[in-house]
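J.: If you want the building blocks of each chain, they are given just below.
Protein chains: 2
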Amino acid sequence: MHDFTFQNPVKIHFGHEKLALIGEELKKFGKRVLLTYGGGSIKRIGLYDRVVEEVKKAGMELYELPGIEPNPRIGSVRDGARLCKEHNIDVLLAVGGGSTIDCTKWIAAAACVDHDAWDFFDYEKWPPVNKALPIVSVLTLSATGSEMDSGGVISNPETNDKRGRLSPLLFPKVSFLDPTLTYTVSPYQTACGSADIFSHLMEEYFTTGEPMFMIDTFIEGMMRTIVRYAPIAMREPDNYEARANLMWASSWAINGLIGADKGQAWSCHPMEHELSAVYDITHGHGLAILSPRWLEFCMDDETMPRIARFGITVFGLDPTLPQRELALRAIDQLGHFLFDILGLKRTLPELDIDESHFDSMAAKAVLPYKGTIPGFRPLTKDDVVSIYRMCMK
Amino acid sequence: MHDFTFQNPVKIHFGHEKLALIGEELKKFGKRVLLTYGGGSIKRIGLYDRVVEEVKKAGMELYELPGIEPNPRIGSVRDGARLCKEHNIDVLLAVGGGSTIDCTKWIAAAACVDHDAWDFFDYEKWPPVNKALPIVSVLTLSATGSEMDSGGVISNPETNDKRGRLSPLLFPKVSFLDPTLTYTVSPYQTACGSADIFSHLMEEYFTTGEPMFMIDTFIEGMMRTIVRYAPIAMREPDNYEARANLMWASSWAINGLIGADKGQAWSCHPMEHELSAVYDITHGHGLAILSPRWLEFCMDDETMPRIARFGITVFGLDPTLPQRELALRAIDQLGHFLFDILGLKRTLPELDIDESHFDSMAAKAVLPYKGTIPGFRPLTKDDVVSIYRMCMK
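So the sequences go chain by chain: A and B.
Take any residue in the first sequence, count from 1 to its spot, add 942: that is its number in the working numbering.
Take any residue in the second sequence, count from 1 to its spot, add 942: that is its number in the working numbering.
Think of the hints as simulated: they come from the structure by calculation, not from any bench.
One should not assume that every hint holds.
So the derived label-pair ranges between C-beta atoms look like this [stated by the list, open to error]:
{"hint": "1", "chain 1": "A", "residue 1": "E966", "chain 2": "B", "residue 2": "Y1065", "range": "48 to 54 Å"}
{"hint": "2", "chain 1": "B", "residue 1": "L1263", "chain 2": "A", "residue 2": "D991", "range": "29 to 35 Å"}
{"hint": "3", "chain 1": "A", "residue 1": "E995", "chain 2": "B", "residue 2": "E1244", "range": "39 to 45 Å"}
{"hint": "4", "chain 1": "B", "residue 1": "Y1065", "chain 2": "A", "residue 2": "R974", "range": "24 to 30 Å"}
In silico BS3-like cross-links for lysine-lysine, where the CA-CA straight-line distance does not exceed 27 Å [as the list claims (entries may be wrong)]:
{"hint": "5", "chain 1": "B", "residue 1": "K969", "chain 2": "A", "residue 2": "K1115"}
{"hint": "6", "chain 1": "B", "residue 1": "K1027", "chain 2": "A", "residue 2": "K953"}
{"hint": "7", "chain 1": "A", "residue 1": "K970", "chain 2": "B", "residue 2": "K1115"}
{"hint": "8", "chain 1": "A", "residue 1": "K1115", "chain 2": "B", "residue 2": "K953"}
{"hint": "9", "chain 1": "A", "residue 1": "K970", "chain 2": "B", "residue 2": "K1287"}
{"hint": "10", "chain 1": "B", "residue 1": "K985", "chain 2": "A", "residue 2": "K1073"}
{"hint": "11", "chain 1": "B", "residue 1": "K960", "chain 2": "A", "residue 2": "K970"}
To be clear about the criterion: a stretch of chain B counts as covered by chain A if any three or more of its residues have a C-beta under 8 Å from a C-beta of chain A, and this derived list gives those stretches [said to hold, decoys possible]:
{"hint": "12", "region": "949 to 956"}
{"hint": "13", "region": "983 to 989"}
{"hint": "14", "region": "1189 to 1200"}
{"hint": "15", "region": "1238 to 1245"}
Glycine included, every Cβ here is placed at the ideal spot set by N, Cα and C.
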């Protein structure tokens, strides 16, 4: 249990009648708003019209940056920053999932500097984030937790880099969490989003340190929440209870609380970022494929008790079983949940990924950690290649 | 599940090496600090000297308000507000438990108005809280959660009133949670503080609405945390793990998260406030005596499933038992925990309380609710008297 500092200032409006407050919240930050969004889905569900109406009612000037990609790219950050400077934007309104919000965070920072936006992610340069425009978000996908955290991940297709960075200035000021806005999320995207949330929980849960018991109960509770509600949301897309639980879990899985007392790097995320940087796959799907293999790779006498406990508290395994059997069954149950129940593909070849880039991807995954990711088990470049290989079948 | 707005901006420095940051945090708010505290315990444990040293190192001017009472009184609020005005105080530093922090919050508000401090609690007047001095707190008792919430309860011994009120301006800016500062808390006060935390959890958990599953898992996890660690902290006062878990649970039991999706009044707190207003007993002890009787009083076909679930998830009762038996055993287990394990007195007479004021106390308890407390079960004045009577033996 490490000393820590925790602060999360994001104001959350949660529920199906809260969007009426968008204009009121935006107005607090000025007159000129840049609306950022991805593809056409927010138009199809009528959310675009609703948001524009609220912004107009508030008497604000509206500018737009559409077309933010899944795995958002540095080009969109540059475009957004240029628009902010040109139109003297006061506040950003991100409407979408984690990709749109992540991209908008770095637009908010890039709009306040003269250097190129990618410099923020260049390990050699790493300029400070001293200022950022305020951000309001409207969430449409329960997955990344970007609505309540201070980080964003950006891809650079020229270099095949996908990098994340945090800054306390990048917390959204206000986020709107309306579970009904996720009713149209497909079963596949619901599965991927749920796998992403589950992975955030696993990254913090699987630690060799001495975590705080109370926080363990929160993590295990959120894991049970995903196991319970993801399949319901896939079957009954307009089940409010299921969508609401997934949405609130997406925020609390990665808003600083559950990882505060840990001092450990994440493992599956750096490995997955290289996959989606090269192959542009859905982040949550990559995480799902990696997670059970990573746990299997990590299993030894030291890690076994924690994996066994995961099986008991999350999947309800019989605590009287021998520990090794519990741990093995826990990994089985995890795979069963991700691949059989959520229906995600089990192997990389099923996503058209072969071994050709494993070596360079593994090298990049360990690069920020000077060669070894200090996670649940320390992972060298060769270890990462081994885990990628385990995902081939 | 109701729509809600959640925001908690308090910055928490948690751990045993964080006090060194006090000066740095205070300086952000100005030069003149009023240190508020209770009896001599912070001097006995060396905390007073430590805090004064940090304030001096930061080059700040120090003023003091000692002697804040348990069940803090409006007189102390008035004294503090006067000191703030006289010395043009920039920031308040509350060092102590919930009583000191509660009192300091209302000093912070009263320092910014011309009217009498009790007006804030006068149902006829109820002036707005438009401004408050910034507050930094150093917690020495895990109980009320005042370190991370926006409320404070103040007693008026002239009228035997004890009243609480919230305002978003009364969140501490920064709270220091150092579990080692609670090593000297006596087993009895540890028991009372733990009963207070447990009661906060029960007040939100026992709802007839449809609560959010994920939040239920958090509440149950914190309940298990108290059941697990309160006895350890009583037996081994310097057990860091136990003290840390109790401390972080005290904050999360009442910082706005677990009650956000509910729309229901608390029950035991209004009943207890009348007890401690008249008899000046320790708040957590009063809550402990009331809680099992209140649950027993509330039990009917509608509330039974929730009480049964509490027994399964918190006390590990066998889920295959009939529901009525589960619920009855859950209430038994609660009493066993509070009275046998924590060693608190089981009845009001053991605290020298007789029936003489039951009628007037019950009338006051339901007064803010126009006659009926809309809780787990609606409670009229007669119901409150019945529950008080159940606590006689």
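J.: Taking 8 Å as the C-beta cutoff, is the stated coverage of the region 983 to 989 of chain B by chain A satisfied by three or more residues?
T.: violated (count 0)
J.: Does the alpha-carbon distance linking K970 of chain A and K1287 of chain B stay inside the 27 Å limit?
T.: violated (52 Å)
J.: Taking beta carbons only, do three or more residues of the region 1238 to 1245 of chain B come closer than 8 Å to chain A?
T.: With 0 residues in contact (Cβ-Cβ under 8 Å with chain A), the coverage given for the region 1238 to 1245 of chain B is violated.
J.: Does the hinted range 39 to 45 Å hold for E995 of chain A and E1244 of chain B at CB?
T.: Holds, since E995 of chain A and E1244 of chain B (Cβ atoms, about 42 Å apart) stay within the stated range.
J.: Below or equal to 27 Å on CA atoms is what counts here, so check K985 of chain B against K1073 of chain A.
T.: Roughly 42 Å between the alpha carbons, so the hint for K985 of chain B and K1073 of chain A is violated.
J.: Holds or violated: K969 of chain B with K1115 of chain A, Cα cutoff 27 Å?
T.: holds (25 Å)
J.: Per the hint of 24 to 30 Å, is the separation of the Cβ atoms of Y1065 of chain B and R974 of chain A within bounds?
T.: Violated - the Cβ-Cβ distance for Y1065 of chain B and R974 of chain A, about 44 Å, lies outside 24 to 30 Å.
J.: Take a quick look at whether K960 of chain B and K970 of chain A sit within 27 Å of each other, Cα to Cα.
T.: Outside the cut-off at roughly 34 Å; violated.
J.: Is the distance from the Cβ of L1263 of chain B to the Cβ of D991 of chain A consistent with 29 to 35 Å?
T.: Since L1263 of chain B and D991 of chain A have Cβ atoms about 54 Å apart, the given range 29 to 35 Å is violated.
J.: E966 of chain A and Y1065 of chain B, beta-carbon distance inside 48 to 54 Å?
T.: violated (29 Å)
J.: Under the criterion that the straight-line Cα-Cα distance not exceed 27 Å, is the pair K1115 of chain A, K953 of chain B satisfied?
T.: Holds, at roughly 16 Å.
J.: Are the Cα positions of K1027 of chain B and K953 of chain A separated by 27 Å at most?
T.: Violated, at roughly 32 Å.
Checked against the numbered hints given earlier, the structure breaks hints 1, 2, 4, 6, 9, 10, 11, 13 and 15 and satisfies all the rest.
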